[in-house]
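Below, each chain spelled out in residue letters.
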Amino acid sequence: MYGNADPLPEDFIQNKNAPTDDPIKLGEFEARIDRGEKIEPHDWMPADYRKQLIRMIEQHAHSEIMGALPEGTWITRAPGFKRKLALIAKVQDEVGHGHLLYSAAETLDKSREAMINDLLNGKSKYSNIFNYPAKTWADVTVIGFLVDAAAIVNQVINSKGSYGPYCRALERICYEESFHLKQGHDAFITLATGTKAQRDMVQEALNRWYIPLIHFFGPSDKDSVHSQKLMKWRVKLATNDFMRNQFLDQYIPKIYDLDLTLPDPNLKKNLETGYWEFSDPDWSEFKRVINGDGPCNAERIAVRHYAEEHGRWVRKALMKPTEKATLPFA
Amino acid sequence: MIPLKSPILDPRIKRVDVEQTFNKTVVNENENWFSWEVFHQKKRGDQHIHVGIVHAPDEQLALLFAKEQYGRRLLCANIWVVKSSDIFTFSYDDQDMFDNATAPEKQYRDASGFKVMEKINRYKKLKKEKSGTH
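Sequence lines, in order, name chains A and B.
Sequential numbering of the first sequence, starting at 1, is according to my numbering.
Sequential numbering of the second sequence, starting at 1001, is according to my numbering.
Note that these hints are calculated values from the structure, not bench results.
Hints should not be assumed to be uniformly reliable.
To be verified - Non-contacting residues of chain A with respect to chain B, defined by C-beta distances greater than 12 Å in every case (computed): (1) Y175; (2) T195; (3) M231; (4) T239; (5) S284.
Said to hold, decoys possible - For each label pair, taking beta carbons as the anchor points, the in silico distance ranges come out as: (6) N1078(B) - D264(A): 27 to 37 Å; (7) D282(A) - L1074(B): 39 to 49 Å; (8) N1078(B) - A89(A): 14 to 24 Å; (9) S178(A) - N1078(B): 24 to 34 Å; (10) D1110(B) - R312(A): 41 to 51 Å; (11) R312(A) - Y1092(B): 31 to 41 Å; (12) T1089(B) - K123(A): 31 to 41 Å; (13) K196(A) - K1043(B): 42 to 52 Å; (14) K320(A) - D1046(B): 12 to 22 Å; (15) F1090(B) - R35(A): 35 to 45 Å.
Glycine included, each C-beta is placed from N, C-alpha and C at the ideal position.
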């Protein structure tokens, strides 16, 4: 699961501190991407391409690991044996996705340990949506259905990017996510077609997750800085608004089908533009949560610290002092 | 210490006493061991195909992690793991040395380089013309 990348750093946008790349090599690199070929780990690449990809894949990896936390909490209380098994499988998948993505990022020359450290010390971000709590079982069904659906929209688009290892990881991830979406949708429908208490519970969860879901793809194109360069290099393949609209277009009808509502009177599709319109979702909250002040940020990071500290003795016991870490090959 | 917000909404937090923990955790380089390339064979008789990597301290754990990561869905008959550092390769910069393999002037060693039907048809046509004149 993955959503909004946080806004690009200032120095990237203003092209400050950007090392000057060899123009001939840059030309060959861009021609390769224009021909639709993938870039592989040992190829020459512009410093900014490497930097932005590490940042993006690393954040994606962190999001998978952090995304397992709100759901993992519910394994012991999932209603029924089948739901419990499905949730265990899903949480295992999410952590597996984290591993796949850390490996893809590692091929760009940043170690997994360095990435984990940047998560622990707050230097590196993860998807905002995982800083919200799963208060009831209905929240878990909304996460499984809609958060995973949003992540799939994002990931299917990104899997057409230019960096080989990232695309290969995403293809594998998208296959598993299709099960996440289906089991989430199934659990969601069960509540939505159940007793009044169940329907109320799922409606309340929808109301809670509506704003985080609108935030999921990041600020509107009007307010977010585009990087033509990243589009040209096929690091970013679609704008935030385009992806958000694709998600709304596909999934709002599935919510309305069950006679559930979304808590925004202004939410409607503009038939002329083909775009869904909605009330301003308070982007200052989005920025606040990204910068660490969401309902669960401190807890999420604390759990990671706990896990690293308490797992250390196992890792150390198995270390081979003569062996050196190596970068993955592909 | 990271200040935790109250009320704590994640019930697991109450079970593990995270307040007792740390905010200066640093994972040391090499602590996540080193990487292994994983090759997956879908069914007996197929080739093993590279599918990704795992981190592990030795081959036994590498196989175990590879099974969890790459063998828990869909068909799998067998898995190989190889240390990433034991893989040797050409550079993509030298890719042009393979151009030869598909070059048109090398058609003489490919089935497509021999047009037998053309010759047979020409022969048959000639034969037909000859028999027509008699």
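query: Looking back at the numbered hints, which does the structure fail to meet, lowest number first?
result: 1, 6, 10, 14 and 15
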